[in-house]
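Protein chains: 2
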Amino acid sequence: MSPQIFPVIMAGGSGTRFWPLSRSNKPKQFLELTSDKTLIAETLARARTFSGLENCLIVCGARHAALVKKSLPKLRTKNILIEPAARNTAPAIALAALHVAKRNPEGVLVVLPSDQHVSNLSAFAAAIDEAVSIADTGMIVTLGITPTRPETGYGYIKQGAKLSGQTKRVAAFVEKPDVSTAKKYVSSKQYLWNAGIFVFRADVMLEAFSAHLPQSNEPLENIFESLGTNKAATVLAREFNNIPANSIDYAIAEKAENMAVVPCDCGWSDVGSFNALSEVRAMDANGNVSDSASHVVIDSRDCVVVGNQKLIALVGMNDVVVVDTPDALLVMPKDRSQDVKKVIEALKANKKWTALL
Amino acid sequence: MSPQIFPVIMAGGSGTRFWPLSRSNKPKQFLELTSDKTLIAETLARARTFSGLENCLIVCGARHAALVKKSLPKLRTKNILIEPAARNTAPAIALAALHVAKRNPEGVLVVLPSDQHVSNLSAFAAAIDEAVSIADTGMIVTLGITPTRPETGYGYIKQGAKLSGQTKRVAAFVEKPDVSTAKKYVSSKQYLWNAGIFVFRADVMLEAFSAHLPQSNEPLENIFESLGTNKAATVLAREFNNIPANSIDYAIAEKAENMAVVPCDCGWSDVGSFNALSEVRAMDANGNVSDSASHVVIDSRDCVVVGNQKLIALVGMNDVVVVDTPDALLVMPKDRSQDVKKVIEALKANKKWTALL
Numbered sequence: 001m002s003p004q005i006f007p008v009i010m011a012g013g014s015g016t017r018f019w020p021l022s023r024s025n026k027p028k029q030f031l032e033l034t035s036d037k038t039l040i041a042e043t044l045a046r047a048r049t050f051s052g053l054e055n056c057l058i059v060c061g062a063r064h065a066a067l068v069k070k071s072l073p074k075l076r077t078k079n080i081l082i083e084p085a086a087r088n089t090a091p092a093i094a095l096a097a098l099h100v101a102k103r104n105p106e107g108v109l110v111v112l113p114s115d116q117h118v119s120n121l122s123a124f125a126a127a128i129d130e131a132v133s134i135a136d137t138g139m140i141v142t143l144g145i146t147p148t149r150p151e152t153g154y155g156y157i158k159q160g161a162k163l164s165g166q167t168k169r170v171a172a173f174v175e176k177p178d179v180s181t182a183k184k185y186v187s188s189k190q191y192l193w194n195a196g197i198f199v200f201r202a203d204v205m206l207e208a209f210s211a212h213l214p215q216s217n218e219p220l221e222n223i224f225e226s227l228g229t230n231k232a233a234t235v236l237a238r239e240f241n242n243i244p245a246n247s248i249d250y251a252i253a254e255k256a257e258n259m260a261v262v263p264c265d266c267g268w269s270d271v272g273s274f275n276a277l278s279e280v281r282a283m284d285a286n287g288n289v290s291d292s293a294s295h296v297v298i299d300s301r302d303c304v305v306v307g308n309q310k311l312i313a314l315v316g317m318n319d320v321v322v323v324d325t326p327d328a329l330l331v332m333p334k335d336r337s338q339d340v341k342k343v344i345e346a347l348k349a350n351k352k353w354t355a356l357l
Numbered sequence: 001m002s003p004q005i006f007p008v009i010m011a012g013g014s015g016t017r018f019w020p021l022s023r024s025n026k027p028k029q030f031l032e033l034t035s036d037k038t039l040i041a042e043t044l045a046r047a048r049t050f051s052g053l054e055n056c057l058i059v060c061g062a063r064h065a066a067l068v069k070k071s072l073p074k075l076r077t078k079n080i081l082i083e084p085a086a087r088n089t090a091p092a093i094a095l096a097a098l099h100v101a102k103r104n105p106e107g108v109l110v111v112l113p114s115d116q117h118v119s120n121l122s123a124f125a126a127a128i129d130e131a132v133s134i135a136d137t138g139m140i141v142t143l144g145i146t147p148t149r150p151e152t153g154y155g156y157i158k159q160g161a162k163l164s165g166q167t168k169r170v171a172a173f174v175e176k177p178d179v180s181t182a183k184k185y186v187s188s189k190q191y192l193w194n195a196g197i198f199v200f201r202a203d204v205m206l207e208a209f210s211a212h213l214p215q216s217n218e219p220l221e222n223i224f225e226s227l228g229t230n231k232a233a234t235v236l237a238r239e240f241n242n243i244p245a246n247s248i249d250y251a252i253a254e255k256a257e258n259m260a261v262v263p264c265d266c267g268w269s270d271v272g273s274f275n276a277l278s279e280v281r282a283m284d285a286n287g288n289v290s291d292s293a294s295h296v297v298i299d300s301r302d303c304v305v306v307g308n309q310k311l312i313a314l315v316g317m318n319d320v321v322v323v324d325t326p327d328a329l330l331v332m333p334k335d336r337s338q339d340v341k342k343v344i345e346a347l348k349a350n351k352k353w354t355a356l357l
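As given, the protein sequences belong to chains A and B, one line each in that order.
Position one of the first sequence corresponds to residue 1 (this note's numbering), numbered consecutively onward.
Position one of the second sequence corresponds to residue 1 (this note's numbering), numbered consecutively onward.
Just so you know, the hints here were simulated from the structure itself, not pulled from any lab data.
Hints may contain errors.
If chains are identical, the list can't say which one is meant, so a pair holds when it fits in one copy or spans any two.
[As the list claims (entries may be wrong)] Listed next, the in silico BS3-like pairs over lysine-lysine satisfying Cα-Cα at most 25 Å (straight line):
{"#": "1", "residue 1": "LYS310", "residue 2": "LYS348"}
{"#": "2", "residue 1": "LYS26", "residue 2": "LYS310"}
{"#": "3", "residue 1": "LYS334", "residue 2": "LYS310"}
{"#": "4", "residue 1": "LYS102", "residue 2": "LYS69"}
{"#": "5", "residue 1": "LYS310", "residue 2": "LYS351"}
{"#": "6", "residue 1": "LYS102", "residue 2": "LYS231"}
{"#": "7", "residue 1": "LYS310", "residue 2": "LYS255"}
{"#": "8", "residue 1": "LYS351", "residue 2": "LYS341"}
{"#": "9", "residue 1": "LYS26", "residue 2": "LYS352"}
{"#": "10", "residue 1": "LYS183", "residue 2": "LYS162"}
{"#": "11", "residue 1": "LYS69", "residue 2": "LYS37"}
If you're wondering where the values come from, they're calculated on a predicted model, not measured in any experiment.
Use the sequences and the hints to build the structure in full.
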């Protein structure tokens, strides 16, 4: 019998790299960055190909629950799991595993970040299918994205011995490398990008928490007991903060022995900054990316233009990002995309700009 | 007896170099580019130091008369002379000379473009005072701006024999030079910028029209006869188009023998493009010019930021112009400021953008 699949979409993130498009009350996953659908809606569309909508779970913070419902109108409220606090990915995944375990301890979770882009859906689906099969045997499986450049912004996964099909054991999770190390990783063909996509049985992950994060045992047991009772919310609010605030990588993946990786070449992007829109959106003949027909781009190359409120005209600009919103406008070179945070710091330093954060 | 002075502000211009700040129904002279007053209001403020407001005349097109009144609320309607059509500066100046001649044929006109900036008002006033004295003797006097750079965008005036005080005869008006010629002009100290500022008696200019532009004799006589009658508007509408559509430089100044030039070093700027805002507005320590306290400029040098509708954030930009308005945004390198016209062409090519012109 094929395993019951529970896609779990992690929507607790609140980065600032897409300011001024994203704001603290509307983070990246709720933006229409790659199409006319939000990233989280695109993610749910991928997830639904693995199971019915009734098995899809979203984990998010209370402040974003309304946005989740608005972005995903067909999803039932009970499928939205509210984190009482943002405590990184390990507690969020444990919470999802508890919910699945209550319905089916051997149910397989497919954990997907809510803010990524995949262009080759069939390659992605094939990798998930293989991951689900391997997970069903008791492994914790991660998707490893075939690197297309010596990216220093991602963690890498070193592939170990072959397990079955395309799947390998994980030899090691390695931190974000420097450029020369990243180049070696890519040319070795041994290393894959860690995309934060994990596939595992609920019972297997809960055992892993028990083994590698024993401080979580008591809070997880208490939350599990309360599920379905009228005390669930109270217990969750109290106990969630007792689960160590770690990433699933650090808390579990780097420690567990039963880790596997399925290589996947699926046109994946984490859409990490405005710069990345060049990867996921159609370009004109000069490499410019624009989200509106109301832009006039003259003698310009490799620019990213975002904004549908007005005509935006560029003349003679190269490698520049222009983002226009009703109350804030950002202009920067593409290679400074990471420095949006400097603007955020400036805004935080002056109360008159609080509403823009 | 000192001559009666009539400042004449030429407000018929309709350039596009300040798009999207300027539009066809709101040209440059009606923008607050150099201060919180419009350029035309700044010009009137300078003009008023030479005469009472009742002697100040504005020449403009019918479509801009309402804007003139709004910008210059203290000016009486009868002091606004409406050109029936835009026919360059010669007909406009002739029209003003006719109006002045009706009041006082020996009245001295001080013709000032409406869209320039002067930072040293006392130097400017001293030069005008000297020009008025010389004009009173029957000369047509122009102000020659001491050049501060080998500008190729202006015409130059070659100084001739000394006439009186600082004033020289005009040896020649020369067209916009190439860079190497402009450099020679500047280093020679013989050449001054032609700022389009002319000072002359009404009767002297009308005689010059008669001598050098005889086709204008009949229309000017007909207009003159009609002034103050109930036929004035009808006659003007009919006859104005019979005056050749030339510049005053070409029609009169380059031909007349009685031309004089007063050198003037008064922090003059024609505010020719967004680039020029660096000349006329206060800069921060990194050479950036901004018209609002709601801009965040980080790691950026020598930029011009215009827009007071929202926060504008620049990160890592150099030598760039950013102009934000409610319905259009422009981003370009400063040295492409002349290429705003390429955007205008693109907008003209598509009807959906007509409202933005």
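How the hints compare with the structure:
{"no.": "1", "hint": "LYS310 - LYS348", "verdict": "between (27 Å within a copy, 16 Å between copies)"}
{"no.": "2", "hint": "LYS26 - LYS310", "verdict": "both (21 Å within a copy, 19 Å between copies)"}
{"no.": "3", "hint": "LYS334 - LYS310", "verdict": "both (22 Å within a copy, 22 Å between copies)"}
{"no.": "4", "hint": "LYS102 - LYS69", "verdict": "within (23 Å within a copy, 77 Å between copies)"}
{"no.": "5", "hint": "LYS310 - LYS351", "verdict": "between (28 Å within a copy, 15 Å between copies)"}
{"no.": "6", "hint": "LYS102 - LYS231", "verdict": "within (16 Å within a copy, 96 Å between copies)"}
{"no.": "7", "hint": "LYS310 - LYS255", "verdict": "neither (51 Å within a copy, 49 Å between copies)"}
{"no.": "8", "hint": "LYS351 - LYS341", "verdict": "within (17 Å within a copy, 40 Å between copies)"}
{"no.": "9", "hint": "LYS26 - LYS352", "verdict": "within (20 Å within a copy, 32 Å between copies)"}
{"no.": "10", "hint": "LYS183 - LYS162", "verdict": "within (24 Å within a copy, 74 Å between copies)"}
{"no.": "11", "hint": "LYS69 - LYS37", "verdict": "within (14 Å within a copy, 50 Å between copies)"}
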